[in-house]
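Participant: Now for the letters of each chain:
2 protein chains.
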Amino acid sequence: MRVAVLGCGVVGTQVVRLLTTQADDLAARVGAPLQLVGVAVRDTSVERDPVVDPALLTADAEGLVTRADVVVEVMGGIEPARGLILRAIEHGAAVVTANKALLAQDGPTLYAAADAAGVDLYFEAAVAGAIPIVRPVRESLVGDRIRRVLGIVNGTTNYVLDKMATEGLDLEQAVKEAQALGYAEADPTADVEGYDAAAKAAILASLAFHTRVSLDDVDREGITALTADDVAWAARTGHVLKLLAIAERGEAEDGTPGVQVRVHPALVPASHPLAGVRGAFNAVFVEAEAAGELMFYGRGAGGAPTASAVLGDVVSVARHRVLGGRGPVESSYADLPVLPAEAARTRYQMRLDVVDRPGVLAQVAAVLAEHGVSIEAVRQTPVGDDALENALAAGEIARLVITTHAATERALRGTVESIEGLDVVRRVISVLRVEGA
Amino acid sequence: MRVAVLGCGVVGTQVVRLLTTQADDLAARVGAPLQLVGVAVRDTSVERDPVVDPALLTADAEGLVTRADVVVEVMGGIEPARGLILRAIEHGAAVVTANKALLAQDGPTLYAAADAAGVDLYFEAAVAGAIPIVRPVRESLVGDRIRRVLGIVNGTTNYVLDKMATEGLDLEQAVKEAQALGYAEADPTADVEGYDAAAKAAILASLAFHTRVSLDDVDREGITALTADDVAWAARTGHVLKLLAIAERGEAEDGTPGVQVRVHPALVPASHPLAGVRGAFNAVFVEAEAAGELMFYGRGAGGAPTASAVLGDVVSVARHRVLGGRGPVESSYADLPVLPAEAARTRYQMRLDVVDRPGVLAQVAAVLAEHGVSIEAVRQTPVGDDALENALAAGEIARLVITTHAATERALRGTVESIEGLDVVRRVISVLRVEGA
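Chains as they are written, first to last, in full-length UniProt numbering: chain A, 1 to 437; chain B, 1 to 437.
Just chain A, same shape as in the assembly (with noise of 0.2 Å):
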């Protein structure tokens, strides 16, 4: 079983160790050792981790492809990495790839390509590194009905939200030290603005609900807005920060059901699971009808656990291989409409500052019950917050915490808009989603 492996930075040098140290354990699992026949990559002249035999290194990756039952993207990126798999295809290889940028935009031409030509195209690494999940959403929930999919799936903003929460850093710093500690890239964006998130969004939904979601389908909103004030807010009224993948079974205006997903930061009850994820770590949680509450948890990056993932993909193709058959292929059948950003339905968080006086709160009420939104609970005088008390205490302005039922992100809008008309509102400080609960 010939292996080819295209890239060679910290994902790649991590599936070559684990290649050549697991030799017998993966020849025993497969039935068939596993050849590495090379490595290609850019430049076959800079110096290289030992594991990697320089022998194996060639620039040749469109030459590599050809000469292998099994090839690995790890290169990442959209081109040549796209080429390469439609070429690797073409010549009856086996794919296993990492690339989650590539699959949220451009998956259904790979899993096309693949499905032509009767090879295996696998990809638990692109989603929440080492965690399984891919394939638990593809396989062991198969015969459920996934309603809903909240995901923390990128580790550089659970770090530095956990920063924030823990430490009291505001955002700025905190991102420094994840620069620090290399989970930030030098230029955070694709992080920080939940590009990252809302690409394996995309891929999640898409295998959750049997629809074709791409990333444009994506709405996305990152955690470059979110301050300290919000952080420590959270964790008073019993949240925590997180930025989630949100990807849900909903229905339009006209009730025609359809697939709502979105990435965006939101209040987690800390009692739920997902607030527990510390750190860079990841997780998935699912809610399925029959299974009820399911969540996947562990290390979404890093070179070692996302080969681990990789390898465990590149067992099950080449398996196949030796004893026939072939795995799941893409399945789109349900052809859910995606709905929306305005049809998302979730309960909010309001913090606004208003003058302080009697009546100032049913004008407020009001104005929600207009927009049919309803009312779970408000809070005024919020226990342990001094600097909020003396200011009460002034008798100027009071501080109203508005948490909302489920609404749809429309009739939410139109509120917030009707509120910051009112002359007795000083500002609306923040509007955050509370998810999970």
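The set of hints was computed from the structure by calculation and includes no laboratory data. Some clues are possibly wrong.
[What the hints assert, rightly or not] DEER-style ranges, computed between Cβ atoms:
1) A:Ala-28 with B:Gln-363: 46 to 56 Å
2) B:Thr-21 with A:Ser-374: 26 to 36 Å
3) B:Ile-375 with A:Leu-181: 26 to 36 Å
4) B:Pro-340 with A:Ala-28: 24 to 34 Å
5) A:Ala-112 with B:Gln-35: 27 to 37 Å
Small disclaimer: the values here were computed from a predicted structure and weren't measured. In this text, a Cβ means the ideal position worked out from N, Cα and C, and glycines have one as well.
Got chain A sorted already, so can you dock chain B onto it with the hints?
Facilitator: What follows is chain B alone, placed relative to chain A:
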């Protein structure tokens, strides 16, 4: 694709429900319709859930299994389940079973029969109900090397311990509550004595370490000796008491590598992901060399959750029938020896009352040193324990809480025996293992 279901209890009924209500989805996923051809029951005259078509009921299980492509065994118990599964395999049917007791006792016979007949034998539902754990361990982590598995795999005992911790109940009260809610049987022995968890530990160990491990190989200790005091002291020292199923690599005294498999109550640090597993939920924590720490969380029992896991397996084996190929077969190539309980290495927390005079701690510490057990921490006056402070103030006794570094069970037993023999020691109150630190 003809499907037969053996057993129509809580799980069987939900399997029938999913096969019926999800028929179109299942057909799309399998590539062919799944036709329920019969449900074997002991007594066809009993009134059943209307989702079960009475025309499908039969008391002739032996005949039914010869008329199916896929046989789902959810009757439980050793016989007639074992005979029926073997008969189904003989007739070329693929088998999906949720029967942990049977697999832990006689799995290799079934695996060998399935292998010889070239049919699939799947059993996701046998461990931790709805949680996909068998498939991730058999397939996703197959390119990695698992070091240790720590599982909360019995919902009844987790519920009981959670109630003791959160409401201060004693064991008997908590078991009664679990019985009232249907989480515990009228005779709770299998759960509270750890037999159920031990069966799951054997299955997990077999999968994780490619080695045959049966129920008899599992060292087992239930929760019946735990007191409300143990639970309260756990919290006081920053831990949560959980009944854990543990399977890990280890070595014998002569250095031979092997596996050690056990079930016992353990102190889990409050910051560990397993500590947050509340109520009747299950979770399996896996430590693998490349993947690092993973956790799988969800409902470990109940009709619908278990049926979800069964259906996932049904789809997999049915797809193999339609598209060719086969699932993983038993993998026992590593064939590691199962190490005795004495070889288990872990940390311990000991609570003991000693005569309160100078030099006592030195005597106790000397005993630990003699046995080669190294001390991590000693506390003599835990903060906030008024009763103890009063006793200490009275000058009669002192309570020591000693936490050790990792030591073998053998060394620890010797230590405790020697400590009990010291004049200055009033009593050893408890010795609990500390896991997951």
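Participant: Work down the list of hints and note, for each, if the structure agrees.
Facilitator: Right, here's what the structure says about each hint:
1. A:Ala-28 with B:Gln-363: 46 to 56 Å: With Cβ atoms ~52 Å apart, the hint holds.
2. B:Thr-21 with A:Ser-374: 26 to 36 Å: Hint holds: Cβ distance 32 Å, inside 26 to 36 Å.
3. B:Ile-375 with A:Leu-181: 26 to 36 Å: holds, 33 Å
4. B:Pro-340 with A:Ala-28: 24 to 34 Å: Holds - the Cβ-Cβ distance for Pro-340 (chain B) and Ala-28 (chain A), about 26 Å, lies within 24 to 34 Å.
5. A:Ala-112 with B:Gln-35: 27 to 37 Å: holds, 30 Å
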